[in-house]
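Listed in order, the protein sequences are those of chains C and A.
The first sequence begins at 129 in this note's numbering and counts up one residue at a time.
The second sequence begins at 9 in this note's numbering and counts up one residue at a time.
Hints are computed from structural coordinates only; laboratory data are not their basis.
Accuracy of the hints is not assured; some may be wrong.
Claimed, not checked - According to the in silico footprint, chain A covers these stretches of chain C (three or more CB under 8 Å from chain A):
(1) 153-166
(2) 234-245
(3) 249-259
(4) 306-312
(5) 316-322
As the list claims (entries may be wrong) - Only part of the chain A face toward chain C is listed, based on derived beta-carbon distances under 10 Å:
(6) Asp28
(7) Leu87
(8) Ser332
(9) Gly335
Just so it is clear, CB atoms sit at the ideal spot from N, CA and C, and this is done for glycine as well.
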Amino acid sequence: MPIDKFTTLVTPAVPLPIENVDTDQIIPARFLKAVERKGFGDNLFRDWRYDKSNQPIADFVLNQPKYQGKILVAGKNFGSGSSREHAAWSIFDYGFRVVVSSFFADIFKNNALNNGLLPIQVSEEYLVKLFATIESNPAATFEVNLEKQTFTNNTTGETIAFEINPYKKQCLLNGQDDIDFLVSIQKEIASFESNKR
Amino acid sequence: MEAKTLFDKIWDAHVVHQVDGGPNVLYIDRHFIHEVTSPVAFLGLEKRGLKVYRPQQTTATPDHNVPTINQHLAIKDELSRNQLDTLSNNCEKHNISIYALNHKWHGIVHVVGPELGLTQPGMTIVCGDSHTSTHGAFGCVAFGIGTSEVEMVLASQCILQPKPKKMRIVVEGELKTGVTAKDIALYIISKISTSGGTGHFIEFGGSAIRSLSMEGRMTLCNMSIECGARGGMIAPDEKTFEYVKGREFAPKGADWDKAIEKWKELYTDVDAVFDSELLFWADDIEPMITYGTNPGMGIKITDKIPTGEDLKGTDRISFEKSLSYMGFKPGESILGKAVDYIFVGSCTNGRIEDLRAFASFVKGKKKADNITAWIVPGSKQVEQQAIKEGIVDILHEAGFEFRQPGCSACLAMNDDKIPAGKYAIATSNRNFEGRQGPGARTMLASPLVAAAAAVTGVITDPRTLM
Ligand code: SF4
């Protein structure tokens with residue numbers, strides 16, 4: 129699926145101050161039997177969001193109306209575990225466009241970028257401050273500027289720079305994904321094939 | 009010429025294009041697909057109005073969701089049935105060969121590829137499944153990919169990949185009796201941990217590795233990703249060529265001679281440099297078993313469960329959590345512990361050699377009464393071979409149930425699940441919490457260790473019964 133163009137974003141954030149959130153928690157294995165990339169958002173953090181009788185668990189952040197926004201701010205080591213891309217899909221499908229953490233698992237980071245979801249890695253200290261800002265004012269907004277690679281806490285005015293692979297950055301800015309790119313060099317691929325034989 | 013590793017030789021020969029500041033465009037020779045990670049890739053392709061670029065280079069077989077009994081009947085689970093039907097429809101629509109349930113070549117994707125000769129030395133091979141590393145046993149660059157990447161391969165026969173680092177693991181010496189490729193794998197992971205290979209592609213070498221059969225080499229490469237590596241590989245030799253020769257899709261006649269000539273170039277040059285190198289001695293390896301909830305938590309079967317005294321902070325907490333999940337105490341012996349289930353199968357140890365080893369061990373003995381055992385062939389061909397060789401008769405006489413091919417209890421996505429709290433010795437590759445079913449307690453081991461427990465009902469050193 130071609131990805132959405134990503135330029136700048138100003139939005140509140142949803143806090144998830146938990147460490148080592150693995151892909152099984154993001155989307156449990158029993159939801160991998162789908163054949164469409166649909167409805168994964170409904171099952172995001174399924175077992176934290178709903179109890180055994182499918183009633184929303186009031187405490188969980190996604191069930192608290194005061195928390196809205198397109199940024200998910202999570203604790204250290206986010207997205208470890210299996211390579212299931214369903215994890216990135218469910219976060220994107222729920223409506224998030226950015227995940228902020230102080231460390232991401234490799235495969236999750238790739239899968240996120242392949243799906244138009246921007247992982248932003250920040251320092252431990254900055255993360256602590258982010259959680260504090262959101263806690264004191266759930267409506268506080270943040271600005272993500274991909275072109276400049278900056279993240280701003282609009283409450284404190286503190287701006288930090290973040291890293292992103294230059295190729296992936298271009299893909300996100302242009303709404304172009306790897307498949308568009310690969311199809312665009314199909315001639316080169318075909319000539320590689322004929323040289324190989 | 010610059011000295012190159014086996015990995016470099018294959019990788020470099022497959023780079024179509026280098027993206028500025030980005031990854032390599034890597035050409036893929038062989039692509040395998042199964043029912044779980046492919047449907048969304050096909051949907052994506054259709055949304056873009058694209059066709060499969062090289063359908064003859066993709067092969068499909070459903071394995072994760074299939075039942076392993078009564079395969080001639082309709083699948084009861086609606087979602088599983090739907091995933092299988094979707095795979096069949098997609099393959100038909102896009103002209104992709106599929107070995108569906110009941111086809112004579114059906115099976116677990118990583119068992120089917122090699123036995124059909126689709127897996128050949130020097131190839132780049134990918135599949136939306138982490139254990140694609142299995143195919144590295146043939147001297148291939150083979151690794152698992154995500155669904156977006158499956159779509160890339162369908163659309164262009166290429167994927168975008170940064171080149172991983174290289175690691176060499178050498179095992180020298182002669183393996184002791186009762187020690188198998190599975191024990192080498194569990195031993196190495198216990199030494200370097202589940203993250204010891206992160207960011208690397210591993211080449212296995214040394215006399216102990218060369219002495220392994222092709223089946224054994226597949227078992228070892230299969231588990232290379234459990235130490236965090238992208239994949240593992242072994243340089244092809246006469247054994248490799250002998251295995252491939254004459255198989256359904258292997259080159260024939262003059263093509264075979266040409267292929268052999270090329271394959272003989274597939275080795276690491278003497279002066280080639282690895283990013284890291286490790287050496288182990290075969291005579292230090294004993295039959296292994298895991299006691300915890302990741303594949304790195306393995307010990308020699310005669311050893312005691314670690315006390316965890318040297319661990320600190322979060323490591324200590326996760327060690328304790330793991331042991332309490334397993335219901336074990338630090339420092340106790342694992343021998344003699346009661347077992348409830350035995351699972352012999354999976355892409356790690358579901359090949360004919362594994363069934364032979366299990367059967368020759370249990371021959372003339374009887375399954376212990378407290379044990380439920382599932383012996384699951386990795387493919388239809390393995391199943392047929394086991395019938396032909398009389399293995400199935402031996403199993404039945406000893407009181408074991410021989411099932412039909414599929415992933416089975418390896419991941420509990422089908423009907424074969426270990427009940428909560430029960431202990432299982434499994435020849436598969438992951439012992440994560442809940443991997444074989446919610447609350448299931450998995451101990452990974454070789455088919456021999458599984459066989460010893462199957463006849464005694466408790467964890468037993470197979471060498472004491474050999
Ligand atoms: S047998 Fe297990 S590890 Fe192998 S492909 Fe099937 S589920 Fe994956």
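Hints and how they fare:
1. 153-166: holds (count 7)
2. 234-245: Our answer is that it holds, as 6 residues pass the Cβ test (under 8 Å) against chain A, meeting three.
3. 249-259: The restraint on the stretch 249-259 of chain C is violated, since only 0 of its residues have a Cβ under 8 Å from chain A and three are required.
4. 306-312: Answer holds; 5 residues pass the 8 Å Cβ test.
5. 316-322: Three-residue rule met by the stretch 316-322 of chain C, so holds; n is 4.
6. Asp28: 7 Å, holds
7. Leu87: At about 4 Å, which falls below the 10 Å cut-off, the nearest Cβ of chain C leaves the hint on A:Leu87 intact, so it holds.
8. Ser332: Cβ of A:Ser332 sits 18 Å from chain C, so the hint is violated.
9. Gly335: With Cβ-Cβ at 21 Å, over 10 Å, it is violated.
Hint compliance for this structure: hints 3, 8 and 9 are broken, all remaining hints hold.
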